[in-house]
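Peer 1: For reference, the chains in residue letters:
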Amino acid sequence: MILSGLIFLPLLFALIITVWPQRNTVRHIALGLSVIEFVISLAMLQKFDPASSALQMVEKTTWIERFGISYFVGIDGISLMLVMLTTFLVPIIILASWNSIDKKIKGFHAALFILQTAMLGSFLAMDAILFYTFWELSLIPMYFIVGIWGGARRIYATIKFFIYTMAGSVLMLLAIIFMMRLTPEVTGGQISASLLDFYKLRIPFIAGEFFTAQTLLFFAFALAFAIKVPIFPLHTWLPDAHVEAPTPGSVILAGVMLKMGTYCFLRWVIPLFPEATEHYSWIFMAVGVIGIVYGALVAMVQPDVKKLVAYSSVSHMGYIIVGLFAMNAYGVNGALYQMLNHGISTGALFLLIGMIYERTHSREISKYGGLASALPIFTIIFVIVTMSSIAVPMTNGFIGEFLILLGSYQYSPWVASIAVSGVVLGAAYMLWMVKRIFFGPAGEIVKHAAHDKEHALHDLSVRELVVLAPLIVLIFWMGLFPNHFMDYSKASVDHLIKNKMGYSLVLTGEGK
Amino acid sequence: MNISIGIADILLISPLIALFVFSLIPITIKVLRGNVEQSPAATVIEALIGLTLTAGLLILFGGSGKTAFNGQLVFDGLTQWMGLIAVVASAGALIMMYENPATKGKQFSELVFLAMNSILGMLILVSAVDLLIIFIGLELMSLSLYLMVAMSHEQKISKEAAIKYFVLGSFASAIFLYGISFVFGTAGTVNLIDLMDVSAGLVGTNKLYLFGIAFIVLGFCFKVSIAPFHAWTPDVYQGSPTPLTSFMATAVKTVSFAAFLRVLATKPLLGSQNLFDVMQWLAVITMTVGNLAALVQTNFKRTIAYSSISHSGYLLVGIITAGISQNSAFSATSVIFYLIGYGLMTMGTFAVISLIEKDENSVVSTENLAGFAKKQPLLAICLTVFLLSLAGLPPTLGFFGKLYLFSSAVNEGLIWLSLWGVINSVIAVYYYLRPIVMMYMREGDCDIADEGSYATTVLIVVAAILILTLGLASGPLFSMIERSLV
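Those protein sequence lines, which keep their order, are chains D and W. If you count by the working numbering, then the first sequence holds residues 60 to 571, one letter each, in order. If you count by the working numbering, then the second sequence holds residues 65 to 550, one letter each, in order.
Mixed in with the good hints, there may be bad ones.
[To be verified] Derived coverage of chain D by chain W (criterion: at least 3 residues anywhere in the stretch with Cβ under 8 Å from a Cβ of chain W; other residues may be distant):
#1 64-70
#2 196-204
#3 237-247
[Unchecked claim] Here are the simulated DSS-like cross-link-like pairs (lysine-lysine), alpha carbons at most 25 Å apart as the crow flies:
#4 W/Lys438 / D/Lys163
#5 W/Lys94 / W/Lys168
#6 W/Lys170 / W/Lys422
#7 D/Lys426 / D/Lys512
#8 D/Lys549 / D/Lys559
#9 W/Lys331 / D/Lys162
#10 W/Lys438 / D/Lys165
#11 W/Lys439 / D/Lys165
#12 D/Lys119 / D/Lys259
#13 D/Lys163 / W/Lys439
#14 W/Lys331 / W/Lys130
#15 D/Lys162 / W/Lys94
#16 W/Lys439 / W/Lys422
#17 D/Lys426 / D/Lys366
No lab work stands behind these hints: they were computed from the structure. Glycine included, every Cβ here is placed at the ideal spot set by N, Cα and C.
Starting from the given sequences, assemble the full structure and let the hints guide the process.
Peer 2: Structure (structure tokens):
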């Protein structure tokens, strides 16, 4: 029951928020409820057996019998940490948006909780239609978060986000329907939408022929996830959405929603279509490294700091794709680790940018300069997060990128050597940005603040420090003791790599 | 031919009789009171009692699979479900009529009388298994409808709509009738049960029979607004009073598809590859034309009119699937299920429009919706649910409708049609999102015209709840429909 609780409690929370009578305590209630959710996920973590690659805490009941659709959820090492990331980020987001979201507070928190349900559901669903339901459901609250609480071009950005993502996923729906039609072969006559039955299908693959079942299905699924990740050249919705989204929206988008794409490559694409994945992995390697370099180069020239971070996301997600499609233990472990890292460090960057924006109402890098003297604590934290983002040793980013580079070297030294250039470029644009904002001669904003007592810059408040502290702790914790986290996913990833040509999962839990 | 009408026949058509009797009540009372209208509330309540009784009788006697009047009418699962959808959708339209400024007023009892007789025509249409009886049902339904559109006290545009609808509708009926004459001439019968054995063979060997079937199909395409025979739809839907638009878009379309399904169930598509190809292209064109045209509309009603054209395209995919499938019960169930969802969400959308209309001549454009969420949060959420369901997003009923429809199409190998369907549903997202953008993301002062319109509000909320719950609980419903069809 614990997984269902995790998935559906936020939905209940959304309802509580909607009917809550007092407007001024909505935030407190929302924060409390999201912490409860996080505590429940910690309890789930306690129950989780890291040594096993099995699908754990399984719950399965028939949902739509005629089509073999079931309510089927389970967790393994691949989804565990992403679930934890989701439950961990939501309270932080609620606390971070304490002052910045000032209209329709109830609606905002309700949308956030519905989004949490959708995201957790996508990570935990083991039935194709159930998964698709959550996957698409996640669009609706995000659409409202960007569209209602976003910036000036929010409506353009949110519609673009919605249509892009939807365009990818409808082909996946058709692929799911097609695979459901094939399942009677392996289940003994009964149609089924269970992922485990899909794993058994072993759809025939003919190398070099495009119009064969496995290749087409592979691309239908891969396209849906590639848009979500997003992989170059399908990334154009991301900078728009990130820039126009309110800070909490950007954090959840970068922190969790992009991971839905990469996670699904591991959960769906690689085990379902192993031959096609191997045969076409060069495409993903290519667009992965192009994304790394392209994202970094474009980030370098951005005048808007939020857009810079958005493009750095494109670059970082390129690493994850390279790691995944290297399809070896280093690459996949690194990619999985990098998903968490990116969620934490990019999430933290968006939070920091949101905090400075609340003070100055500007994101133009050129208007800043010399901020370090005005906001020392803010500067220290920003630099730490930057170090994590550019993968300096001792921070979490280093472990992830290093493993990915090792994995990609095993795949092809060429790929690794181009990907390494991204590390250099990443350091360049991030450090240059830090230099322009925090150091050097005092810029327009700092000068203005020094003259004008009303617009004086205040350093981080206690609330903001509480928001950032857990992220800073995690940056070092994950950088110094990666095994504390990797041990949870190791068994599942090893199992996937060893058996990718005949993947299957053992079930443990109530509903097996 | 042994012609005898027994008590069994009367029992079977009892829903139709009940409907007719109740249709007479308001108008009789008006005559008895010296041509003075009774209160519209009383009229609409009488009508709703009549419809409830009809629905009850349909559930009781409708699904037995028996035929009445010498195999002219059949009461099977299809009759029952399609009839129920039509009755519920009509009840919704009646409730809207009661509160819409364009339809409430002096001639309300006449309007209700005509509406009830139109529904009577629909029930004949869904139960008919004889092409001529189908024609009679079609005409009874349509003639009442022409009058209803024309008699509203809206100004020019509804008269134009009525004339357009009448001329084009009659034209379609004529073609339909012409087709029947070919079928009778070549097959010697117009009874669909008899045609079942010969249709697939004749359509391939006899050109005249193929002509006949093609004309009949064309007639139906007119009625359910399949492109390129859809041109009347946007004008008529826009010009008619909103409750009548809802009536046409839901009830009329449902029963027309039911009869269409019965004709194709004689399997003419299996005999003629040409006919099969043409139908597939019609589906593709309809989906695409409907969606592309809807993209550029500014009038909200017209947008939904085009959206209903594209939904006809999706439904045509289902109809084609049922027409070639060995397991037609499954495909027909998908169509019925889709129609349930389509009916609820279209009715709900029109009901919201109906509430916003201030007087009989008011035009609701998409821009006008700005600020609706602030003034009417509950109705805005409901409209959002309807639009997302029309767009086919989970977890709404619209998504499950599409899932089942395309599943059955993929089952029959019609993958490319399904591909067109899903691509189109992405295009459609754009215009379904625009009203949501207006309601939630733009400042404005859109509000409903009359705060006291409780009946329509209740209708909207019930429809929204059904859309959210029926989809998630669709397993039992789907199996129930399928069992009744086998």
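Peer 1: Does each hint fit the structure? Answer for all of them.
Peer 2: Status of the hints after comparison with the structure:
| no. | hint | in the structure |
| --- | --- | --- |
| 1 | 64-70 | violated (count 0) |
| 2 | 196-204 | holds (count 5) |
| 3 | 237-247 | holds (count 3) |
| 4 | W/Lys438 / D/Lys163 | holds, 10 Å |
| 5 | W/Lys94 / W/Lys168 | holds, 15 Å |
| 6 | W/Lys170 / W/Lys422 | holds, 18 Å |
| 7 | D/Lys426 / D/Lys512 | holds, 19 Å |
| 8 | D/Lys549 / D/Lys559 | holds, 15 Å |
| 9 | W/Lys331 / D/Lys162 | violated, 59 Å |
| 10 | W/Lys438 / D/Lys165 | holds, 13 Å |
| 11 | W/Lys439 / D/Lys165 | holds, 16 Å |
| 12 | D/Lys119 / D/Lys259 | holds, 18 Å |
| 13 | D/Lys163 / W/Lys439 | holds, 13 Å |
| 14 | W/Lys331 / W/Lys130 | holds, 22 Å |
| 15 | D/Lys162 / W/Lys94 | violated, 54 Å |
| 16 | W/Lys439 / W/Lys422 | holds, 15 Å |
| 17 | D/Lys426 / D/Lys366 | holds, 15 Å |
Of the hints listed earlier, those the structure fails to meet are numbers 1, 9 and 15, in rising order.
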